[in-house]
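Trainee: One letter stands for each residue in the lines below.
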Amino acid sequence: MQQIGRRTIAVTVNGERFERDVEPRLLLSDFLRHELRLTGTHVGCEHGVCGACTVLVDGESVRSCILLAVQVDGCSVTTVEGLAARAEPGAPARLHPIQAAFHEAHGLQCGFCTPGLLTTLVPFLAENPDPDEAEIRQAISGNLCRCTGYQNIVAAVKLAAERMRA
Amino acid sequence: MVIEAEYLFAAGRETVWEALQDPDVLVQALPGTERLERVDGHVYAGEMVVGVGPVTAARFDISVELTDLVPPEAFTMLVGGDGRAGFVDGRADVRLEEKGARCLMRYRADLRVGGPVAALGHRLLDSVGRSMSRRGLEAVDRMIGPGS
Amino acid sequence: MSRPAKRVDAPRVGVRDRSVEAGSPLLGTAPRRNEDERLLTGTALFVDDVHLDGMLHVAFARSDYAHGRLRGVDLSAARAQAGVVAAWSAEDLGAYWAPGPLLVPPPPIERLTFRSATQVPLARDKVRHVGEPIAMIVARSRYEAEDAVALVEIDVEPLPPVARTEDSLAEGAARIHDQFDSNLAAHVVQSKGEYENAAARAAARVGRRFRIDRGASAPIENRGIVASWDERAGELIVWDTTQAPIPIRNGLAGMLGLPETHVRVIAPFIGGGFGPKIMMFYPEEVLLPWAAMQLGRPVKWIEDRQESFYATTQEREQIHDAEIAVDADGRILGVRDSFVCDSGAYNPYGLTVPINSQCTLLGQYRVPNYESEFRLVYTNKPIVTPVRGAGRQHGVFVMERLLDLAADELGIDPTEIRRRNFLTPDEFPHDHEILYQDFAPLVYDSGDYAPALDRALEMIDYDGFRASEQPALRAAGRRVGIGVVCYVEGTGIGPYEGARVSVRTDGRVSLVTGVGTQGQGHFTSFAQLAAGPLGLDAADVDVVTGDTAKFSWGTGTFASRGAVVAGNACHAAALAVREKVLAAAADALGAAPADLEVGGGAVQVRGVPDRRMTLGELARRANPLRGAVRPGTEPGLEATAYFGPERACTASGIHAMILEIDPETAMIDIRRYVVVHDCGAVINPMLVDGQIHGGVAHGIGNSFYEELVFDEGGQLMNASFMDYLLPTATDVPAIETEHLCTPSPLNPLGIKGVGEAGAIPVAALFAQAIEDALGDEAPEILEMPLSPDRLFALMQGMARRTER
Chain A
1 MQQIGRRTIA VTVNGERFER DVEPRLLLSD FLRHELRLTG THVGCEHGVC GACTVLVDGE
61 SVRSCILLAV QVDGCSVTTV EGLAARAEPG APARLHPIQA AFHEAHGLQC GFCTPGLLTT
121 LVPFLAENPD PDEAEIRQAI SGNLCRCTGY QNIVAAVKLA AERMRA
Chain B
1 MVIEAEYLFA AGRETVWEAL QDPDVLVQAL PGTERLERVD GHVYAGEMVV GVGPVTAARF
61 DISVELTDLV PPEAFTMLVG GDGRAGFVDG RADVRLEEKG ARCLMRYRAD LRVGGPVAAL
121 GHRLLDSVGR SMSRRGLEAV DRMIGPGS
Chain C
1 MSRPAKRVDA PRVGVRDRSV EAGSPLLGTA PRRNEDERLL TGTALFVDDV HLDGMLHVAF
61 ARSDYAHGRL RGVDLSAARA QAGVVAAWSA EDLGAYWAPG PLLVPPPPIE RLTFRSATQV
121 PLARDKVRHV GEPIAMIVAR SRYEAEDAVA LVEIDVEPLP PVARTEDSLA EGAARIHDQF
181 DSNLAAHVVQ SKGEYENAAA RAAARVGRRF RIDRGASAPI ENRGIVASWD ERAGELIVWD
241 TTQAPIPIRN GLAGMLGLPE THVRVIAPFI GGGFGPKIMM FYPEEVLLPW AAMQLGRPVK
301 WIEDRQESFY ATTQEREQIH DAEIAVDADG RILGVRDSFV CDSGAYNPYG LTVPINSQCT
361 LLGQYRVPNY ESEFRLVYTN KPIVTPVRGA GRQHGVFVME RLLDLAADEL GIDPTEIRRR
421 NFLTPDEFPH DHEILYQDFA PLVYDSGDYA PALDRALEMI DYDGFRASEQ PALRAAGRRV
481 GIGVVCYVEG TGIGPYEGAR VSVRTDGRVS LVTGVGTQGQ GHFTSFAQLA AGPLGLDAAD
541 VDVVTGDTAK FSWGTGTFAS RGAVVAGNAC HAAALAVREK VLAAAADALG AAPADLEVGG
601 GAVQVRGVPD RRMTLGELAR RANPLRGAVR PGTEPGLEAT AYFGPERACT ASGIHAMILE
661 IDPETAMIDI RRYVVVHDCG AVINPMLVDG QIHGGVAHGI GNSFYEELVF DEGGQLMNAS
721 FMDYLLPTAT DVPAIETEHL CTPSPLNPLG IKGVGEAGAI PVAALFAQAI EDALGDEAPE
781 ILEMPLSPDR LFALMQGMAR RTER
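Protein chains in written order, with our numbering: chain A, 1 to 166; chain B, 1 to 148; chain C, 1 to 804.
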């Protein structure tokens with residue numbers, strides 16, 4: 001099989017700059033998880049449907065399982081690990097209001113789809129600071145959850161929106 | 001998957017019949033075929049690249065056999081394709097009729113598909129199958145021309 | 001007619017163990033989850049997050065054919081591929097190749113035929129379903145392993161596949177397992193009374209054929225395994241997305257010839273289980289550890305989504321021919337049911353699913369005569385093992401539909417016919433005289449069904465809907481319907497679970513148990529049970545689950561048993577530690593245990609605040625560096641306890657729904673969804689509600705959106721989320737829940753299970769509500785799942801009939 005040439009990319013992830021040599025076919029999700037060891041972003045389907053792999057690229061939510069790492073050369077990526085404020089070792093993390101709201105409202109069970117929901121919600125709430133239930137459900141309709149039935153997730157988003165408006 | 005359709009060639013029946021025995025023409029009839037060589041008699045082998053929905057460039061080793069030949073009016077084509085994206089197994093029963101000076105081909109193709117190409121492309125198999133047959137026959141038609 | 005609903009935090013009645021009153025202040029409270037922070041910040045460890053030095057990656061070459069003779073496997077090109085370290089087929093496994101163990105032998109039922117054929121690690125001689133693994137490739141990366149998979153040459157002579165369940169026993173059907181004379185995997189008859197005699201007196205006999213089709217569990221995390229072998233220590237470590245780490249450890253140790261103490265299986269955070277992750281000794285589970293030992297390097301395999309549709313087990317396909325006989329008042333005289341259940345290509349899980357169907361059919365009702373017969377059959381489709389509900393939905397669907405049909409024939413309201421047949425509280429424990437999946441007689445422990453029905457009808461305003469809202473909407477041309485269904489769920493089966501509680505010198509408590517966690521909140525619910533007797537909060541307890549090195553005895557999470565079985569073990573261990581704490585404090589403070597109070601992380605002499613010692617201090621004293629530990633006592637403040645219930649406890653519930661159908665598109669809109677549920681004493685109502693929400697969503701999927709479509713060649717036509725539709729946030733309504741409580745007399749805390757409950761009655765509910773919405777001309781809905789397509793076709797058929 002032909003050896004495909006590697007390329008060097010430079011990406012800023014959660015505020016830190018990384019330079020790496022990668023195969024052109026390396027998925028962004030694999031780059032984040034296995035190359036950078038940021039395993040908070042999860043892979044549920046590898047065909048862009050479940051939304052678990054959602055990250056922010058230059059502030060917009062995208063599915064990292066259907067992007068190649070080389071496509072984010074020069075971009076700024078935010079993953080779930082970049083949402084909470086940096087904590088001192090041993091001290092509890094200072095959660096982003098959306099994370100805190102999920103905790104309060106029991107908006108997660110197994111937690112596997114949760115990082116993708118959080119990153120989807122960050123730009124959504126920035127643009128829609130006071131969404132109603134239908135708008136929330138629409139906004140997360142591209143994120144599949146098998147555990148919660150979505151009800152407490154909706155409650156969490158409402159709670160987060162309320163807190164972030166205050 | 002069963003496809004039943006017909007196609008009206010520009011050329012007459014005898015010409016179309018002769019042309020279909022030529023592997024260079026058969027290659028046209030199966031779009032995506034990169035290579036088709038006669039192995040023996042009416043048996044051919046080659047390679048084909050197919051796109052069905054999300055499976056964009058599935059490569060298959062194919063074998064084609066023409067049987068039950070009743071020149072110039074009928075034959076059966078057996079097709080087998082095997083590759084990483086799955087397999088295809090099928091037969092097409094073809095009748096050639098005269099419609100004035102032109103040849104009307106009626107065919108019934110029955111295809112079994114398996115593996116990833118079936119699992120991911122199922123919704124599209126029917127339409128892709130039809131469009132492929134149509135394109136293939138148009139290409140053959142152009143190649144043969146109005147004939148003699 | 002109605003009694004006020006008994007809320008979950010009301011005093012419990014009928015609980016046997018007095019110590020409960022002293023020990024469970026946190027029962028029924030809803031502290032937020034201990035596990036959330038790690039999950040929310042992306043720092044929780046799932047199997048694919050494990051990275052080890054030198055780790056290699058595995059991919060499998062799988063069968064494209066549903067049935068065939070495997071003539072040969074040529075790995076030469078694959079082995080030559082750059083980056084490939086090893087490639088193996090069945091013959092390379094040598095003596096290690098063996099069919100997997102039968103996980104659940106058949107219960108001791110008298111009229112039973114059982115012919116076991118379990119899955120093999122790599123196909124040899126035959127392939128029996130699409131996706132069956134044929135070769136294993138190990139390479140530097142998953143990408144390179146998949147490149148090599150494409151180069152594996154597989155020579156299969158196709159055989160006619162048995163793709164339809166109803167064809168498996170037909171004359172001349174291809175035989176899937178050559179050692180048997182047919183595709184029959186099992187035949188079971190269970191009965192009580194005499195149906196035919198009873199039915200002869202019936203005012204109405206209603207029979208139909210019912211069909212429920214396959215669905216996938218589809219957790220968002222696929223399966224995965226990492227195996228690492230340390231040659232010098234002689235130790236194997238395996239991370240596995242399993243619901244049963246301890247049995248996996250025991251089995252692997254036996255297969256690999258290692259002592260159990262030298263095999264460690266870790267089930268870390270698991271992204272949803274739902275049943276198929278308790279299927280054990282999957283080919284990949286058996287092969288990865290072997291490969292690690294062969295190569296002396298860690299190996300990882302992570303299933304991709306498409307693979308999961310073949311490689312992970314599924315469930316649900318059954319065809320029932322059932323009949324009910326009722327008297328003129330709608331009272332059940334008897335039920336007869338004969339059904340076929342699809343096992344897929346192999347049967348590692350025994351008869352759990354069909355026996356659940358058999359037993360759960362009896363529902364909340366008095367059924368004096370019952371004949372139930374099933375045939376479990378092999379087909380050339382992926383293997384069937386329990387998925388959330390595990391066969392109970394089929395029993396519920398059949399019984400609830402039969403009652404609806406009987407009600408219709410006799411002109412009785414569907415809720416009224418159910419009420420007339422409910423078991424009443426004085427009939428408990430109620431012996432149904434047949435055997436359940438846990439090999440014990442099906443005896444319901446406790447229940448009170450009429451108040452639950454009353455409450456559900458009240459919450460959804462059934463009378464008001466029927467009297468005014470529905471007629472008004474119908475007059476306006478809207479298709480609105482209401483459904484109400486009832487079900488039971490046998491939960492909390494044995495054999496046992498265990499837990500170890502210790503007070504640490506920093507004053508926090510450790511709780512270790514063998515069951516794993518897949519999202520149900522064990523880090524919190526178990527913590528509540530341990531914290532309560534020790535006067536602490538749930539946040540003061542650190543829970544460890546799913547690591548065989550930390551706790552070595554137990555079975556796993558399945559059959560809605562975690563809270564019941566492991567929960568009671570946690571509680572018992574905490575009570576035992578409490579005794580030790582009191583003894584230690586009595587000694588340290590020079591007081592009698594009866595004069596001591598435990599609370600706020602310390603023990604104090606009642607009324608004397610300065611005679612006090614923290615739990616941490618007591619723990620330090622209990623583990624001295626000098627002096628002697630008194631004979632007959634142990635160091636530390638630690639205790640291990642086990643709990644094994646004598647049989648299953650019976651949870652129950654009522655689901656009610658109002659839905660509307662768009663007459664043009666056949667899309668549905670669920671306007672109200674109500675669940676009244678009884679799972680006995682509730683540990684954490686927030687977690688219980690979450691389980692119900694998720695179960696209902698899964699049930700909605702199985703009723704309307706999810707269907708695995710196989711063609712006549714046994715090919716799966718929709719092996720992706722593009723075409724296998726999981727319900728999204730716009731498909732699942734807000735669910736209103738209420739809890740009633742009939743405690744279980746079978747365990748000290750009075751708990752019953754709830755994990756699968758939400759999913760069980762939903763198909764029956766949809767059928768009833770949709771028929772009601774479509775009105776008098778409605779076609780009978782006897783098959784599930786429906787889908788917008790199928791519903792549309794039914795409505796078209798209806799329209800044509802009414803036009804004539």
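Keep in mind that the hints were calculated from the coordinates and are not lab data.
Mixed in with the good hints there might be a few duds.
[Unchecked claim] If you want a taste of the chain C side facing chain A, the calculated C-beta under 7 Å gives, among others:
id: 1; residue: D36
id: 2; residue: L39
id: 3; residue: G42
id: 4; residue: A202
id: 5; residue: V206
id: 6; residue: G207
id: 7; residue: R209
id: 8; residue: I220
id: 9; residue: G271
id: 10; residue: Q470
id: 11; residue: L473
id: 12; residue: G694
id: 13; residue: M717
id: 14; residue: F721
id: 15; residue: M722
id: 16; residue: T728
Even for Gly, the Cβ is constructed at its ideal location relative to N, Cα and C.
Trainee: Run every hint past the structure and note whether it holds.
Mentor: How the hints compare with the structure:
1. Residue-level restraint check for C:D36 holds (minimum Cβ-Cβ distance to chain A is 4 Å; threshold 7 Å).
2. A least Cβ separation of about 3 Å between C:L39 and chain A falls short of the 7 Å threshold, and the interface hint therefore holds.
3. Among the interface hints, the one on C:G42 holds; its C-beta lies about 2 Å from the nearest C-beta in chain A, closer than the 7 Å criterion.
4. Proximity of C:A202 to chain A is violated relative to the hint, the smallest CB-CB distance being about 40 Å (cut-off 7 Å).
5. Given hint, C:V206 at the interface with chain A, is violated; its Cβ is 34 Å from that chain's nearest Cβ, farther than 7 Å.
6. The beta carbon of C:G207 comes no nearer than 35 Å to any beta carbon in chain A, farther than 7 Å, and the hint placing it at the interface is violated.
7. Residue-level restraint check for C:R209 is violated (minimum Cβ-Cβ distance to chain A is 31 Å; threshold 7 Å).
8. Satisfaction of the interface hint for C:I220 is found here, the shortest Cβ-Cβ separation to chain A being roughly 4 Å, below the 7 Å cut-off.
9. For C:G271, the interface hint holds, since its Cβ comes within 7 Å of a Cβ in chain A; the closest pair sits about 3 Å apart.
10. This hint is violated: C:Q470 has a C-beta 24 Å from the nearest C-beta of chain A, more than the 7 Å allowed.
11. Annotation: C:L473 was flagged as interfacial toward chain A, and the flag is violated, the nearest CB pair being 21 Å apart, outside 7 Å.
12. For the restraint placing C:G694 at the interface with chain A, the shortest Cβ-Cβ distance is roughly 5 Å, inside the 7 Å limit, so the hint holds.
13. A cut of 7 Å between beta carbons decides the hint on C:M717: the least distance to chain A is about 16 Å, and the hint is violated.
14. Taking 7 Å as the C-beta cut-off, the interface hint given for C:F721 holds, the closest approach to chain A being about 4 Å.
15. The criterion of a C-beta within 7 Å of any C-beta in chain A is met by C:M722, whose closest approach is roughly 6 Å, and the hint holds.
16. For C:T728, the suggested interface contact is upheld, since its CB lies about 5 Å from the closest CB of chain A, less than 7 Å.
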